[in-house]
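Q: Listed below are the residues making up each chain.
Number of protein chains: 2
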Amino acid sequence: MKDIEIAQQSEMLPIVEVAKKAGLSGSEIEQYGQYKAKIKLPLADRPKTKEKLILVTAVNPTPAGEGKSTVTVGLGDALSLAGKKTMIALREPSLGPVMGMKGGATGGGYSQVVPMEDINLHFTGDMHALTTANNTLAALIDNHIYQGNKLGIDQRRVIWKRVLDINDRALRHVVIGLGGVVQGIPREDGFDITVASEMMAILCLAKDIADLKKRLGQIVIGYTYAKEPVTVADLGVTGAIALLLKDALKPNLVQTLAHTPAIIHGGPFANIAHGCNSVLATKTALQLADYTITEAGFGADLGAEKFLDIKVPQLGKAPNTIVIVATVRALKMNGGVAKDQLDHEDLVALEKGFANLKRHIQSMKQYDIPVVVAINKFTADTLAELNMLVELCAKEDTTAVVADVWAKGGAGAKELAQAVLASCDQVTTPKRLYAADDSVEDKIKQIVTKIYGGKDVEFSPKALRQLSEFKTLGWDKLPVCMAKTQYSLSDDPKLLGAPTDFTIHVREFVPKLGAGFIVALTGNVLTMPGLPKVPAAMGMDLADDGTITGLY
Amino acid sequence: MKDIEIAQQSEMLPIVEVAKKAGLSGSEIEQYGQYKAKIKLPLADRPKTKEKLILVTAVNPTPAGEGKSTVTVGLGDALSLAGKKTMIALREPSLGPVMGMKGGATGGGYSQVVPMEDINLHFTGDMHALTTANNTLAALIDNHIYQGNKLGIDQRRVIWKRVLDINDRALRHVVIGLGGVVQGIPREDGFDITVASEMMAILCLAKDIADLKKRLGQIVIGYTYAKEPVTVADLGVTGAIALLLKDALKPNLVQTLAHTPAIIHGGPFANIAHGCNSVLATKTALQLADYTITEAGFGADLGAEKFLDIKVPQLGKAPNTIVIVATVRALKMNGGVAKDQLDHEDLVALEKGFANLKRHIQSMKQYDIPVVVAINKFTADTLAELNMLVELCAKEDTTAVVADVWAKGGAGAKELAQAVLASCDQVTTPKRLYAADDSVEDKIKQIVTKIYGGKDVEFSPKALRQLSEFKTLGWDKLPVCMAKTQYSLSDDPKLLGAPTDFTIHVREFVPKLGAGFIVALTGNVLTMPGLPKVPAAMGMDLADDGTITGLY
Numbered sequence: 001m002k003d004i005e006i007a008q009q010s011e012m013l014p015i016v017e018v019a020k021k022a023g024l025s026g027s028e029i030e031q032y033g034q035y036k037a038k039i040k041l042p043l044a045d046r047p048k049t050k051e052k053l054i055l056v057t058a059v060n061p062t063p064a065g066e067g068k069s070t071v072t073v074g075l076g077d078a079l080s081l082a083g084k085k086t087m088i089a090l091r092e093p094s095l096g097p098v099m100g101m102k103g104g105a106t107g108g109g110y111s112q113v114v115p116m117e118d119i120n121l122h123f124t125g126d127m128h129a130l131t132t133a134n135n136t137l138a139a140l141i142d143n144h145i146y147q148g149n150k151l152g153i154d155q156r157r158v159i160w161k162r163v164l165d166i167n168d169r170a171l172r173h174v175v176i177g178l179g180g181v182v183q184g185i186p187r188e189d190g191f192d193i194t195v196a197s198e199m200m201a202i203l204c205l206a207k208d209i210a211d212l213k214k215r216l217g218q219i220v221i222g223y224t225y226a227k228e229p230v231t232v233a234d235l236g237v238t239g240a241i242a243l244l245l246k247d248a249l250k251p252n253l254v255q256t257l258a259h260t261p262a263i264i265h266g267g268p269f270a271n272i273a274h275g276c277n278s279v280l281a282t283k284t285a286l287q288l289a290d291y292t293i294t295e296a297g298f299g300a301d302l303g304a305e306k307f308l309d310i311k312v313p314q315l316g317k318a319p320n321t322i323v324i325v326a327t328v329r330a331l332k333m334n335g336g337v338a339k340d341q342l343d344h345e346d347l348v349a350l351e352k353g354f355a356n357l358k359r360h361i362q363s364m365k366q367y368d369i370p371v372v373v374a375i376n377k378f379t380a381d382t383l384a385e386l387n388m389l390v391e392l393c394a395k396e397d398t399t400a401v402v403a404d405v406w407a408k409g410g411a412g413a414k415e416l417a418q419a420v421l422a423s424c425d426q427v428t429t430p431k432r433l434y435a436a437d438d439s440v441e442d443k444i445k446q447i448v449t450k451i452y453g454g455k456d457v458e459f460s461p462k463a464l465r466q467l468s469e470f471k472t473l474g475w476d477k478l479p480v481c482m483a484k485t486q487y488s489l490s491d492d493p494k495l496l497g498a499p500t501d502f503t504i505h506v507r508e509f510v511p512k513l514g515a516g517f518i519v520a521l522t523g524n525v526l527t528m529p530g531l532p533k534v535p536a537a538m539g540m541d542l543a544d545d546g547t548i549t550g551l552y
Numbered sequence: 001m002k003d004i005e006i007a008q009q010s011e012m013l014p015i016v017e018v019a020k021k022a023g024l025s026g027s028e029i030e031q032y033g034q035y036k037a038k039i040k041l042p043l044a045d046r047p048k049t050k051e052k053l054i055l056v057t058a059v060n061p062t063p064a065g066e067g068k069s070t071v072t073v074g075l076g077d078a079l080s081l082a083g084k085k086t087m088i089a090l091r092e093p094s095l096g097p098v099m100g101m102k103g104g105a106t107g108g109g110y111s112q113v114v115p116m117e118d119i120n121l122h123f124t125g126d127m128h129a130l131t132t133a134n135n136t137l138a139a140l141i142d143n144h145i146y147q148g149n150k151l152g153i154d155q156r157r158v159i160w161k162r163v164l165d166i167n168d169r170a171l172r173h174v175v176i177g178l179g180g181v182v183q184g185i186p187r188e189d190g191f192d193i194t195v196a197s198e199m200m201a202i203l204c205l206a207k208d209i210a211d212l213k214k215r216l217g218q219i220v221i222g223y224t225y226a227k228e229p230v231t232v233a234d235l236g237v238t239g240a241i242a243l244l245l246k247d248a249l250k251p252n253l254v255q256t257l258a259h260t261p262a263i264i265h266g267g268p269f270a271n272i273a274h275g276c277n278s279v280l281a282t283k284t285a286l287q288l289a290d291y292t293i294t295e296a297g298f299g300a301d302l303g304a305e306k307f308l309d310i311k312v313p314q315l316g317k318a319p320n321t322i323v324i325v326a327t328v329r330a331l332k333m334n335g336g337v338a339k340d341q342l343d344h345e346d347l348v349a350l351e352k353g354f355a356n357l358k359r360h361i362q363s364m365k366q367y368d369i370p371v372v373v374a375i376n377k378f379t380a381d382t383l384a385e386l387n388m389l390v391e392l393c394a395k396e397d398t399t400a401v402v403a404d405v406w407a408k409g410g411a412g413a414k415e416l417a418q419a420v421l422a423s424c425d426q427v428t429t430p431k432r433l434y435a436a437d438d439s440v441e442d443k444i445k446q447i448v449t450k451i452y453g454g455k456d457v458e459f460s461p462k463a464l465r466q467l468s469e470f471k472t473l474g475w476d477k478l479p480v481c482m483a484k485t486q487y488s489l490s491d492d493p494k495l496l497g498a499p500t501d502f503t504i505h506v507r508e509f510v511p512k513l514g515a516g517f518i519v520a521l522t523g524n525v526l527t528m529p530g531l532p533k534v535p536a537a538m539g540m541d542l543a544d545d546g547t548i549t550g551l552y
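Which chain is which? The protein sequence lines are A and B, in order. For the first sequence, position 82 matches number 82 in full-length UniProt numbering, and the numbering has no gaps at all. For the second sequence, position 48 matches number 48 in full-length UniProt numbering, and the numbering has no gaps at all.
This is chain A alone, in the form it adopts within the complex (with noise of 0.2 Å):
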């Protein structure tokens, strides 16, 4: 059976039944339908929770899927069968993707987030609400340009770009503003997908209203021919945009298959944004519940480090444990094997492509959080595999436990429940990776060395340039976003495995002061995706009675 087929025949509890089960009066939530909610915020003060929080991640993807998402959600439905008070906290899916290639981001099979269509259309709307704020806010800029220009904004060094939420290749470099004298003033520009944009990083960021009105503020919309930063407080904009967030700042209600609350909200990449949910959904989740999994995108190298480094010190709480998700088949491709002889045992490779899940592991220790390994099962994956990856985590003095949650759901992920709840037993004191004034040079080298396994960092010409400006403008410490390709822990996508001896480079910094980190593009990263050669769109179809075939 399909996921959107299991999906549509689950039965689920209305919103605020779901809301009950969270500990959510109705008076706190506002429905969107019958199955979605935003919460108010603030919540009301409550008896303090046991504030356990998972961190899931995962080791770099493949074509073979590695279902992190499939593994929160079982393993939130575990927890909430083992009787314990869950949340799942999730970001929201893009739809450019969504029509793309990669699908939706609601699970699969018996571990999934449902209603999944809305989830993965327009859901609760929020993120048009940060596409229409951000182009909102570039064609004021333009228009201030274009009307007499009192800031003395250089035309040519606007840094906010357009966005939609949507993969459109041709909209990487444009020229606007053509057509004459009334049409505008023409420059080069050039749109982004809205989770890679600075308005996904400050919602996500935010604390408040009030801190999102400071953020927004801050933003750096590009510079005045003397070269000075012009910001959206300049441009007198911020309660205008600040007023087109309002609603998109509360988080969404959902459930699972299971009936377990999961709240989604927000979604950056994880590759060219800083990848985790928003920190009100999870002190939202960490509030309602005394556990509480989160998922950052893509590989441990980038969204965990990115959750690490960015958004625990503005939740001002770290993980108590971190699941890294892996599986026999994502390893045995990272050992070499090709997608369509994944199904035959491959221990030689399985070990090879170990070398990936391995790194990953050693990174994640850096900060003293406990990791657990969870294996997600496939149909195909051999005893031997699945024994031979669990003893080689052991060799790393790391727990593995296969878990078979796309078909079985919360109860496929017992045994790995049991081990998360051990695991977060354990007292530590978490460590940060490079310290708060270090410099974004010393700040990526340590990323690169200490995570990725790298060797060194090149700037390039202008990269050095921006270094220098950052330093004149007091930005010189602020943490780092990396843009780096998921498919590889270097800035190659074809390097798979764990390389050794590589360097990153660094090709240019795009500064993010209102999300509070400067964004470093290495490699040949896009922030604009594109489609396919057959995107996932042409197999979609709404039959005349509503119904919808062929989302994934």
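Hints were generated in silico from the structure; no laboratory data involved. Note that the coordinates shown come from a computational prediction; the quantities given were computed from them, not determined experimentally. By construction, the Cβ of each residue, glycine as well, lies at the ideal position given by its N, Cα and C atoms. Misleading hints may appear alongside valid ones.
Said to hold, decoys possible - Derived contacts from chain A toward chain B, CB cut-off under 7 Å, selection only: (1) Met-99; (2) Ile-166; (3) Gln-287; (4) Ala-422; (5) Cys-424; (6) Thr-428; (7) Gly-523; (8) Lys-533; (9) Asp-541.
Use these hints to put chain B onto chain A, whose structure you have.
A: Relative to chain A, chain B alone:
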């Protein structure tokens, strides 16, 4: 007191109560927060209503303000007060003008639909769904060309434009696909505002999901190198686009300050699009209420003409009464008075400016539908002015009633409501302006001479070439949607009053086969507005507790 303050201080009924008043059960709606809902369609059969339809239109708009939505809401509340089962059916506001100059579209004073902030901002996300569907299609077109162009689409002849729900002058003319081989294929392109899009027209004209899909499939996105039209069905993505519009197709239910049920759904502008709310919304209101009051955009030359010539054939029902809204101020401006002199009594200018109203009365009467004039009272209007206007209308055999709806709500439109009720009881056989099989040229000529009062139509060489292409393609007998300035009956925004002997200049046609009409672009009218020197956005704010200020 400001409109937003009146709205914020109002006690709204929970939307479930409003639904009940409208005869809708809880299971026939989907709540969006406590005060908004979508109506699930099709509705179950219920007893037949009187099905009286009242169309509210106006004189040509001036900076003085006419208050057409305010009168529509006030009249609806007055009919409710008179004990009639009433529903109001309005269009959804566009964020472009909200952030720019025009403000929202929820009425004013004590004649408003609420929650005004939500309606004027993201509402239930329909506008964003349309934007996304439109731009997903655009990305799929450019991707098709990029990935081998199996259909042989000529990139110079793609007519499907991208859209945003934003006033963004800089996007009117752009070049996309720059940056080299991996970034796409360069071509000239441009963005329209969402409310001018064919997606919006289709949403407003579709009768159900099947009709929506049929219309989407028929959209012509451009032409092949052999100049053959290419449709969405040819691209194989009808289902995916339909699926993005699944929820947007459902009408939205809200209420007036006096708790009269109001459906707000679909929002094409009347100058650059067809200017009416959705067929589904109007049908639903007719099914539920005895009296349905709806509104068409801008003056009767634009919104009402399109309502009668484009929407009525799809709706299968003509209005029982047309209400033309006029103000003393607007007519004085049409008579040559400057905006800062409007507070002084000026009977000469009023009589001169009456020519504009007279033209609209005469043009509407050609449809053999009874006409009532609503004089929307402003504080500075003198009794002599109001009386003169009533008398001038009487000379045209037309009832004119003064309404004071901004200050008094429904209580200020008692007399107007009685006039409308009497008018609705007249038995008439509405006529069509033009025959269905008249040619596009003939349809335009009839609109220009019979509705605008113009002398002739001049077609540009490009328009003439297109007309001959339409003949070959079999599109030469489609209805016409005029794109023309709202400020004048002519295509020159400076010609106020009731100009004669003028020529309308058609510079270009845009075929919209999904909507089922041909758009004729006249004069300099633009399908993407710009922002003014001081955009409304600059006065908006969101307080730390979530209170909105500066929204109009």
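Q: Confirm or reject each hint.
A: For each hint, the structure was consulted:
| no. | hint | result |
| --- | --- | --- |
| 1 | Met-99 | holds, 6 Å |
| 2 | Ile-166 | holds, 5 Å |
| 3 | Gln-287 | violated, 19 Å |
| 4 | Ala-422 | violated, 42 Å |
| 5 | Cys-424 | violated, 35 Å |
| 6 | Thr-428 | violated, 36 Å |
| 7 | Gly-523 | violated, 14 Å |
| 8 | Lys-533 | holds, 5 Å |
| 9 | Asp-541 | holds, 3 Å |
Of the hints listed earlier, those the structure fails to meet are numbers 3, 4, 5, 6, 7, in rising order.
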